[in-house]
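Student: Build the full structure now, drawing on both the sequences and the hints.
Chain residues, written in single-letter form:
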Amino acid sequence: MTWWPFIASQWAWLFLLLVPLVIFYFLKLKRPRLDIPSLALWRSVLNDQRVNSPFQRFKRNLLLLLQILLLLCLVLAAMQPFYPSGADRAKYLPVLIDTSASMAAVDTEGKSRLDEAKQEVRRLIDNLLPDQRLCLISVASSARQMTDFTDNQRVLRDALEQLQVSQVGSRLEDALRMTQALARTVPIETAVLYTDGNVPPDIDFELPFQLNYQKLELAGRNIGITALNARRSGERWDVFVRIEGTKSPPGVEELPFSAAVVLLSNGNELGNELISLTPGQSQRIVFPVETEGARRLEVRLKPQGFDSLETDNVAWLDLPAGRPLAVYCPVELESFRHALGGLKDVLLYPSDEGEAKAASYDLVISDRKTDIDLDAETFLFVGVLPDDLTKLVRIDESVAQVIDWQRNTPLLQHVLLTDVQIADRPVSAEGVRDRDYEELGYEILVQGRTGPLVLRKDGGGRALYYMLFHTDRSTLPFRVGFPILVSNAVQIAQQQAGLLEIVGRQTGVLPPQHLQPEKEYDVVAPDKNVSRVRSAVDGTLSGVGAPVIGRYSIRDGNTELASIGVSLLTVGETSLATVDQLQFRELKVGAAAAMLKSDRPLWPWFAGVGFVLLLVEWWYFQKRPGGLLVR
Amino acid sequence: MDLLNTQARFTSLLENDVLARLERMRLLPRRRLTNRSRGEHHAAKGGTSTEFADYRDYVPGDDVRNVDWNIFARLERPYVKLYRHEEEMHVVSIVDGSSSMQFEGKFERAKQLAAAFGLMGLMNVERVSVFSCNHVGKEPVFLPPCTGRISRKRLFDFLEKIEGGGDFPVEQAVEAVLRRHRGRGIVVLLSDFLTFGDLERPLNRLFSAGLEVFAVQILCPSEINPEVTGDIRLVDCESGRSVDVSSAGDLLGIYEEHRLALEEELGILCRQRSGRFLSISSRDPLDWVLFDLLRRKGWVR
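Chains as they are written, first to last, in my numbering: chain A, 1 to 631; chain B, 1 to 301.
Honestly, the hints are just simulated from the structure, not real lab data. The beta-carbon is built from N, C-alpha and C at its ideal position, and this holds for glycine as well. Check each hint, because a few of them may be wrong.
The following label-pair restraints were derived from C-beta to C-beta distances [what the hints assert, rightly or not]: (1) B/His135 with A/Arg33: 17 to 27 Å; (2) B/Arg180 with A/Arg33: 30 to 40 Å; (3) B/Asn204 with A/Val616: 47 to 57 Å; (4) A/Leu615 with B/Arg283: 33 to 43 Å; (5) A/Leu16 with B/Arg283: 37 to 47 Å; (6) A/Val616 with B/Arg180: 53 to 63 Å.
Tutor: Dropping the structure here:
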């Protein structure tokens, strides 16, 4: 707290103007002279005034007093005083405003948390002192700098008004890193975070400045959809909908939530269920849906009673048409073909009936490096060394042994590789470590004594599995785990092709789409905003932002190539749970006990008082006399 | 036409029609202060004029010619008939000619009133004299006593020629006049009475000199309703002294009270000495003052 609440103290020299003011006043340079017939009456009037008026001296010099007061007010206004808030003043203050989905939650008066935050920030802007600079940063799943550090209140207010809720979860790291980057250009001691407290409590960030955690008041209770997925079960889909409600405040017992859950398929109602949910609990509802044909599912939650957040009351899920899995496996890989033959819903190419090829496959199992050109999403190469690994590893013709493997990876679940004999021995080059494989995008699934045996790589929307040894030169096909491994590969392919399980898409970023390479496409958002996005060299269209719930349409001209429904589906946002402490790497930051107080500039008041004094002086001395007898 | 009218005016002070109306008016003094010389004014004591006044019991030594024999024949008691005595009254006008009267027509109005009162005196066969006081230490300019209709021209010429300006306070002016004046009657004091001196003494002296005071205070509009505001330096036109007034607009209420108090005080001083007091504005219409106000106040008939 400063004891000298003036910003422009250098203007204090203007107080010296009091000296000439007083001198000029007493010199009476401008006192007009008026000849009158006689002073007799005026003498008696003045004598009477001196006797009867206790303030006659004051009144006599009232003009001087008013002028002194006026000058004092103007000088004080020029010195720009402020009312100290008691808190340390920050010259550069970044203001982080949470705009995640939960900030749209309204209280019983219909006021959203973002409106509340805007009100607080507006107060900061209104009380901005001339030597202070604010920078507004919008915080959702990513950060967006709304303004530079500025003292322009109009710019700040405009930026504040433009803030809108992003229907995504909140993540503070991005905004804090942005603030850290700003701190390299200007000295930042403190940053202010306005949030409803619905943020992840653990933040992977090392705070280089103080964070003033301003937690807004709680909104009302809420119920919403937190998960929506579908799992293939024979000839039908089981659609799972998870509904969650907020917890009751401590010491308060609230009534259970009541809501209706409606499932729509292509606009037609497929199911309708009424639920009653205890606050803080969740409930899962299953709707069976036939697999025939592709379906666009929409789940609507209709709460009965107050519901503070609307965006979590609807979710979308796109179910593909049910079909068998297309698997390409050359006839030379008899062991794999044999294992595949025993699996349901698998269409094997080349088929035994002679059908050689299909236009595209879901799974390619091959020992030929060139088969990577086939149109598929999942590949399992056997005895193939990728070209980019030739410098890291070589294959020797000697016996290799499995040292360890990732038992939880989908391909190797329930597969026991102990004592498998392998005639091909991958040997890592001198000095090559696991990190070198990871840098090339490979994940080692099975580790041999001298080098990796099985690797996984994701790229271009494809899942590539490389077995660096050939199964025909190993005892693996003779193990119980081999058909399990093949079955796992099929499940991975089914998962990849969306034939096994479909998960509702969350807001944030649209899932990658495989389209024509290096071509521009229009992405039409639910709010009808159209953005033009160019696909990558491999045809992948990725990184398309989806901050709003609803259906996004990817178009090539007038042709709709894909329609993707994205929903909030975030437990954290729906639960409106708040955290009182943010745990950073080394320290904890607790929510402030009171809203941030800002220094209040007082110069407008002094200027206003000066103006009023000026008016009073003008009125008092220039008013026409009244109330006298006129003959 | 205007030129003809101007040339035809008997005096520049008063219009001809005003003169004509004034000639038919008479002064109404409260006291019958007359001189020995015979005139047309009824004396307070009995006289030998033809106008009957009263009866009284006959006492030895009375002139038997004054006994009313008709009454004696009826009542068998002698009664003496009393008659009114008509004596001459002096009408003195003292015109304050100091500089304070030079504002907004005050001096002109004083000369007009002096002319009016003088004319009424002349037409009533009174002795009329006029004094104009200007500078301290100098003798007042004065019109010697004159009487009769024939003296009208002399009166008007005198009043037209006197000039204003000077620093003669009214109380000293009265003293100076009384040093020269002899005779009882009416004194018409025409001044603004804005003086630092004491007015009680000159009024006492006028009373003891047998003069009934007709005091007329003539103020200008800027004295009655001054329009002054803010900080101002007021300068006395006679003495040249000044006084600084701050927030003068605030003092106007007190000023008004003091002006009315001065009027009240002057009125009391005059009434205590069987005199009369009247305060008028120099902007008041002359007709209204002469033919309405003075009549209503009972100064003239």
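Student: Hint by hint, note whether the structure agrees.
Tutor: Going through the hints against the structure:
Between B/His135 and A/Arg33 the Cβ separation comes to about 24 Å, which falls inside the hinted range of 17 to 27 Å. B/Arg180 and A/Arg33 have their C-beta atoms about 39 Å apart, which keeps the hinted 30 to 40 Å range intact. Checked against the given bound of 47 to 57 Å, the beta carbons of B/Asn204 and A/Val616, roughly 52 Å apart, stay inside it. For the pair A/Leu615 and B/Arg283, the supplied restraint of 33 to 43 Å holds, since their beta-carbon distance comes to about 36 Å.
Our hint of 37 to 47 Å for A/Leu16 and B/Arg283 is violated, since their Cβ atoms are close to 52 Å apart. In this structure, A/Val616 and B/Arg180 meet the distance hint of 53 to 63 Å, their C-beta atoms being roughly 59 Å apart.
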